[in-house]
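Peer 1: Residues per chain, in single letters:
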Amino acid sequence: MVKRIMEKFYVGLILLFLYAPIFVLIVLSFNQAKSRSKWGGFTLHWYRELFKNKYIMNALYTTLIIALLSALIATIIGTVAAIAISSMRKPPRTILIGITNIPLLNADIVTGLSLMLLFVALRFTLGFTSVLISHITFNIPYVILSVMPKIRQLSPNTYEAALDLGASPIYAFFKVILPDIFPGVLTGFFLAFTMSLDDFVITHFTKGPQINTLSTKIYTEVRKGIKPEIYALSTLMFIAVLLLLVIINRRNADKKDTIKKFD
Amino acid sequence: MKLFNITNTKTNSSSNKNGGSSLGNDKVKWLSLPYIVWMIGFIILPLLVIIYYGLTSGNKLKNLFTLGNIRLILDPTNFKALRLSLELSLISTLICLLLAYPLAMILSRSRMKSNNFIVMIIILPMWMNFLLRTIAWQNILERTGIINTVLNFLKLPTLNIINTPLAIVLGMVYNFLPFMVLPIYNVLIKIDKDVVAAARDLGANSIQTFLKIILPLSIPGVISGITMVFVPSLTTFVISTILGGSKIILIGNVIEQHFRVGNWHAGSGLSIVLMFFILVSMAILSKYDKEGEGGSLW
Amino acid sequence: MKRSIVLSALLMILMVALTACGNKSGEKVYVYNWGEYIDYEVLDLFEEQTGIEVIYEEFDMNEDMYPKIESGAISYDVVCPSDYMIQKMIENDLLQEINFDNIPNFKYIDSSYLESAEEFDPGNKYSIPYCWGTVGILYNKTMVDEPVDSWGILFDEKYSGDILMIESVRDGFAIALTYLGYDLNSTNVAELDEAKALLKKQYPLVQAYVIDQVRDKMIGGEAALGVIYSGEAIYTSRENPDLEYVVPKEGSNIWIDAWVIPKDSKNKENAEAFINFMCDPEIALRNFEAITYSTPNSEAWNLIQDEEIKNSPVAFPPQDVLDRCTAFRYLGEEMESLYIQKWNEAKSE
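Residue numbers (the numbering used here), protein chains in the order written: chain W, 247 to 509; chain D, 2 to 299; chain B, 1332 to 1680.
Calculated directly from the structure, the hints in this document are not laboratory data. Among the clues, some could well be false.
Calculated pairs, EDC-like style, for lysine to aspartate or glutamate (alpha carbon to alpha carbon, straight line, at most 20 Å) [what the hints assert, rightly or not]: (1) W:K300 with B:E1388; (2) W:K284 with B:D1493; (3) W:K284 with B:D1502; (4) W:K300 with B:E1372; (5) B:K1527 with B:E1488; (6) W:K280 with B:E1570; (7) W:K298 with B:E1570; (8) W:K280 with B:D1493; (9) W:K473 with B:D1493; (10) W:K280 with B:E1384; (11) B:K1531 with D:D202; (12) W:K473 with B:D1391; (13) W:K470 with B:E1401; (14) W:K470 with B:E1388; (15) W:K298 with B:E1367; (16) W:K298 with B:E1384; (17) W:K300 with B:E1389; (18) W:K280 with B:E1664; (19) W:K470 with B:E1384; (20) W:K298 with B:E1372; (21) W:K284 with B:E1394; (22) W:K470 with B:E1389; (23) W:K470 with B:E1488; (24) D:K63 with B:E1522; (25) W:K298 with B:D1370; (26) W:K473 with B:E1367; (27) D:K28 with W:E253; (28) W:K300 with B:E1367; (29) W:K298 with B:D1375.
Partner residues aside, some chain D positions facing chain W, computed with beta carbon under 10 Å [to be verified]: (30) N140; (31) L157; (32) N161; (33) L275.
Rough simulated footprint, nothing fancy, chain W against chain D, three-plus residues with beta-carbon under 8 Å [claimed, not checked]: (34) 70-78; (35) 86-93; (36) 223-233.
Think of the CB as a built atom: it goes at the ideal place given N, C-alpha and C, for glycine as much as any other residue.
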């Protein structure tokens, strides 16, 4: 019994540690004073200001579009590559997987700087495209790693059966393989989306002056003091994701229950 | 955010030794072409460029091969920064491990309906921008911050953590703790309950069961966690900038500063040194890799 | 479930695609300025009046800005460096002459500032002053009992942990050199070493090295003493009345930030239109009121309503203060890297 309480207490402490800064940020979004270090009373002012601030809205828009595009392209390239890699013999496969691991294991600062140097060496203007390319690059591995295990679980027989029954390879792919690996593809997509959304370091080094993502916008504001609108925006985003996850979780739980009933 | 247990792919690939394809079609291989082109263009080539920059002098008249940029690491200020980075990231990794292992144990034994839920609570904070979360720590730790206001109110002596190495360690532990918890948790939930029960039946007490069964089986997760905490801690410049008040200079800050003021060759040289340390930790990782079965996050 | 996710993703793409086809007239001007160094609404006004789209980027240090211009990876049209950096850019042939016919509002810039600008831009060919000010100490009256009139207080162990030092090589050395009685443009290695030793002794006393963060930290009462640019002082004492600004008796640095046009600017006329707009008295006044950095625009000064601000010794210091201040000169590449090296040495334990 004592052990159970101790355990609960420990988990509680860690969760407090993980969530304390989030509470601070949420509280700050209601702070009337502009400066971070003063409490000036409760207000919803910043939530109204937020939608009028075109710099923040632009940054939000850029962040979302880059996350969406990079996740989408990475999902396509990555899924196709995962299928191809699974069909390879061991030596080339090991090499390819090793290279796939590089962006995962390498330091963000090195990845970002090396891409920046490449773009400059190629006289490629830093801007939206360079950030997009960089995000796709570090997103592909996440997709491959999500899809790969699902491909291994595939039974080759169904695919061959489809071919035997006269399906074209492409038709068979869409009708037989894709539905089976789809959960992995979806996971890869959302993982890539999250990674892109949260990235700061790589964007910082590969971006040009025209664009700011939320991360780089926040970084430029670190020195002069973060604008309270930013706190308001991230509170909104956080709550949106929280709700989304709770809903998905509920649904999954429901689904599991129904499956159990059928067993 | 590197959430994957890296050991995963390799174990998987080695489990498929005969190289038999699940799709059994040789033409399928060629589908990897766009990916291979992309990787060569944006992973291999950039690394070659940074190595080229690191090994050349950058003199416009005679751009010659030199080890000078790499030797910069021996410069006392840079060397101190590297040493401090290594120290702080090792300490943070250790603290993360000590905090995460018991947590993962407790979570893996809990009778939660879905694993996703647990993973979710650990990851959820990451949806708040990482810079903002670190800035929030500034508010908490400052001399007039939340902790000290409470301490003052209770008439207790105040803490002076902000702008010290301690604040940076705290920032690292905070930001990277989930990367330690998740891989360990993923390994622990896969341990066969029957094996543990068998050990108990054969008379092992809980400490023996832990040392002989659970700990060895969880090593791959631990190793993954260590790499995923150690590398970003070693190379960060953001955490030290925000929580260190520019008083604490880490190797990441040195490199960032070189690039900021336009010393690309010097910055690249030091990046090569950094890559060396990353390679070493990767090599250690792959050594332990063969022994166990890692699990991926989702 | 799956379908709804796919659908919402498609919807998002569609939305994004629709908003992307916004208005673009094509005319642009790339502006590179200090952080929060303008009234952002002024940019909207400029866009409305001229139809030129402003692409606005910010930097925090002259030393960060320079390599971006030099590398040419991005071609900016208008940049706002400080005096000594402008000199360096002129010497390294990175700037082009401004066509003053396109800047009729130039006449509002007070001639005394143009005279000072001759120091770094002989003949006033390349630059048009935007803001100016001094460097001084901001202190919290509730935390410091003694009168503050000397840089010496920044090296006093009594205030250990209560000092916010400036994170800028030239400014940092200027403080140490001036306190030691040397010229802040010193190129004498022995003097620099002495200054470095002083800064190294100061290191353990310093709470943090900052530039712009000094503002928030001083307002919040995080520290007793901070090094700050005069322009921030009006804002900070407005937010926290306990804060006071002083230019130490040993002297200090006086600086001018001015608009320049880089050599590889692709929209020179737009750049000149932008600078001209910034020199408009009404606009200069708006900027002054937003950022509280002293304006060299004499007509804008006339328009200031608040008598207290208009005659503020912080924003517009009296002659005796100006007399003990010196401007930075560019000291050449070799000296520059020596300064940086010594600064890094002073700051490592």
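Peer 1: Next step is simple, just say for each hint if it's right about the structure.
Peer 2: Here's how the hints hold up against the structure:
no.	hint	in the structure
1	W:K300 with B:E1388	holds (14 Å)
2	W:K284 with B:D1493	holds (19 Å)
3	W:K284 with B:D1502	violated (29 Å)
4	W:K300 with B:E1372	holds (11 Å)
5	B:K1527 with B:E1488	holds (17 Å)
6	W:K280 with B:E1570	holds (9 Å)
7	W:K298 with B:E1570	violated (24 Å)
8	W:K280 with B:D1493	violated (23 Å)
9	W:K473 with B:D1493	violated (26 Å)
10	W:K280 with B:E1384	violated (29 Å)
11	B:K1531 with D:D202	violated (65 Å)
12	W:K473 with B:D1391	holds (17 Å)
13	W:K470 with B:E1401	violated (26 Å)
14	W:K470 with B:E1388	holds (15 Å)
15	W:K298 with B:E1367	holds (18 Å)
16	W:K298 with B:E1384	holds (18 Å)
17	W:K300 with B:E1389	holds (16 Å)
18	W:K280 with B:E1664	violated (41 Å)
19	W:K470 with B:E1384	violated (25 Å)
20	W:K298 with B:E1372	holds (12 Å)
21	W:K284 with B:E1394	violated (32 Å)
22	W:K470 with B:E1389	holds (12 Å)
23	W:K470 with B:E1488	violated (28 Å)
24	D:K63 with B:E1522	violated (35 Å)
25	W:K298 with B:D1370	holds (15 Å)
26	W:K473 with B:E1367	holds (11 Å)
27	D:K28 with W:E253	violated (54 Å)
28	W:K300 with B:E1367	holds (15 Å)
29	W:K298 with B:D1375	holds (13 Å)
30	N140	holds (5 Å)
31	L157	violated (19 Å)
32	N161	violated (17 Å)
33	L275	holds (6 Å)
34	70-78	violated (count 0)
35	86-93	violated (count 0)
36	223-233	holds (count 3)
Against the hints set out earlier in the document, violations occur for numbers 3, 7, 8, 9, 10, 11, 13, 18, 19, 21, 23, 24, 27, 31, 32, 34, 35.
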